[in-house]
Amino acid sequence: MTIVEASKSGGMGKDLVVYLCLLALAGLQFAIAFQNIDTSQMLVRMLAVAIVEAGLAVLFFMHLWTEKRGFAMFVLVFTIFVLLAMQYGWTDSTRMVVGAPFAK
Amino acid sequence: MSQADSTLEGHATGLAVGPAFSIPTKKLAIWLFIIADTMTFAACLVAYGFLRNGSADWPRPFHNITNVALMTFILLTSSLTMLIGLRAARAGDKAVAFRWTMITAALGILFALLHVREWMGLIHEGMTLFKNPWGNGLFGAAFFSVTGLHLTHVTGGVIALLAVGVRYRAGRYNADDIEVLGLYWHFVDLVWMFVVPLVYLLNLAH
Numbered sequence: 019m020t021i022v023e024a025s026k027s028g029g030m031g032k033d034l035v036v037y038l039c040l041l042a043l044a045g046l047q048f049a050i051a052f053q054n055i056d057t058s059q060m061l062v063r064m065l066a067v068a069i070v071e072a073g074l075a076v077l078f079f080m081h082l083w084t085e086k087r088g089f090a091m092f093v094l095v096f097t098i099f100v101l102l103a104m105q106y107g108w109t110d111s112t113r114m115v116v117g118a119p120f121a122k
Numbered sequence: 190m191s192q193a194d195s196t197l198e199g200h201a202t203g204l205a206v207g208p209a210f211s212i213p214t215k216k217l218a219i220w221l222f223i224i225a226d227t228m229t230f231a232a233c234l235v236a237y238g239f240l241r242n243g244s245a246d247w248p249r250p251f252h253n254i255t256n257v258a259l260m261t262f263i264l265l266t267s268s269l270t271m272l273i274g275l276r277a278a279r280a281g282d283k284a285v286a287f288r289w290t291m292i293t294a295a296l297g298i299l300f301a302l303l304h305v306r307e308w309m310g311l312i313h314e315g316m317t318l319f320k321n322p323w324g325n326g327l328f329g330a331a332f333f334s335v336t337g338l339h340l341t342h343v344t345g346g347v348i349a350l351l352a353v354g355v356r357y358r359a360g361r362y363n364a365d366d367i368e369v370l371g372l373y374w375h376f377v378d379l380v381w382m383f384v385v386p387l388v389y390l391l392n393l394a395h
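Note that the protein sequences, when read in sequence, are chains A and B.
The opening position of the first sequence corresponds to residue 19 in the working numbering, with each subsequent residue numbered one higher.
The opening position of the second sequence corresponds to residue 190 in the working numbering, with each subsequent residue numbered one higher.
There's no promise every hint is true.
Claimed, not checked - With a cut-off of at most 30 Å between alpha-carbon atoms, the simulated DSBU-like pairs for lysine-lysine come out as follows:
id, chain 1, residue 1, chain 2, residue 2
1, B, Lys215, A, Lys86
2, B, Lys283, B, Lys215
3, B, Lys283, A, Lys86
4, B, Lys216, A, Lys32
5, B, Lys215, A, Lys32
6, B, Lys216, B, Lys283
7, A, Lys86, A, Lys32
What the hints contain is simulated information worked out from the structure, not anything from laboratory work.
Please model the entire structure based on the sequences and the hints provided.
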């Protein structure tokens with residue numbers, strides 16, 4: 019980490035703030051678990067919080083924020099693309115529970 | 190040496206010295222590992238979700254969230270202690286960096302012990318890989334696979350923390366090595382943020 023990068027990343031205070039935010043968000047996930055809502059709604063809310071948590075951890079704890087922009091873009095675009103590509107099969111999982119045959 | 194030779198030599202040297210994305214090779218390597226490992230965990234979690242979504246009687250065996258809340262707190266705190274260690278290493282304070290790296294390892298061990306306690310409790314209640322008293326028998330296989338993969342990463346991380354910490358104190362490793370290890374440790378923490386809601390919180394017994 020260069021001096022410029024170090025100054026951009028801030029001091030220990032910034033790490034502490036991010037840590038407290040992560041604790042609060044983790045607490046929020048636990049609070050959502052006790053809400054009286056559908057499992058699907060609960061899943062969406064919990065995943066949204068988890069994505070924010072992951073974003074904070076990657077940007078500030080893992081210092082992606084201070085890396086070269088080209089590298090940060092490479093990591094984010096490549097990872098997000100593959101993660102999205104994994105979501106194509108969910109309709110089949112629903113078909114399993116209702117016992118419907120696969121499409122001919 | 191002709192002008193052409195010196196130009197070629199200079200070009201070749203420039204290619205050899207400049208790392209990809211202008212970041213150190215070790216850091217690039219750990220980032221590539223993290224990206225690959227993200228795919229592994231994502232595949233496991235998607236498979237877990239697929240099974241859960243496709244099952245009408247998915248078990249909800251968790252009555253108490255105290256243990257998993259404590260585990261989450263410990264892992265998040267270990268990320269902070271890792272950062273403190275890295276800052277000390279950057280500042281050249283070897284003793285402090287070593288101490289905080291060891292504290293991080295201790296928190297990792299504590300997390301692993303709580304994890305094993307959680308497993309033992311479920312096994313004691315009758316859960317195995319392919320059967321359990323609550324519902325779909327695949328829950329055990331899915332649960333142990335996802336959490337086991339994470340526990341393996343924590344265990345590997347603890348071993349790496351101990352090894353790198355000791356070698357750093359002995360002067361064989363430097364702050365860059367602590368940073369690379371820190372990236373891995375934060376990644377393990379990050380994965381837990383997805384494991385907790387999917388595997389534990391969505392399966393709370395209401």
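So, going through the hints one by one against the coordinates:
Simply put, Lys215/B and Lys86/A have alpha-carbon atoms about 15 Å apart, close enough for the 30 Å limit, and the pair holds. For the hint linking Lys283/B to Lys215/B, the alpha-carbon distance of about 21 Å falls within 30 Å, and the restraint holds. Distance check on the hinted pair: Lys283/B and Lys86/A sit about 28 Å apart at the alpha-carbon level, within 30 Å; holds. For the suggested pair Lys216/B and Lys32/A, the alpha carbons sit about 22 Å apart, so the restraint of at most 30 Å is met.
Proximity of Lys215/B to Lys32/A is assessed by CA-CA distance (about 26 Å); at most 30 Å being required, the pair is judged to hold. For the hint linking Lys216/B to Lys283/B, the alpha-carbon distance of about 21 Å falls within 30 Å, and the restraint holds. Of the supplied pair hints, the one linking Lys86/A and Lys32/A holds, its CA atoms being roughly 20 Å apart against a limit of 30 Å.
Hint violations for this structure: none, all hints satisfied.
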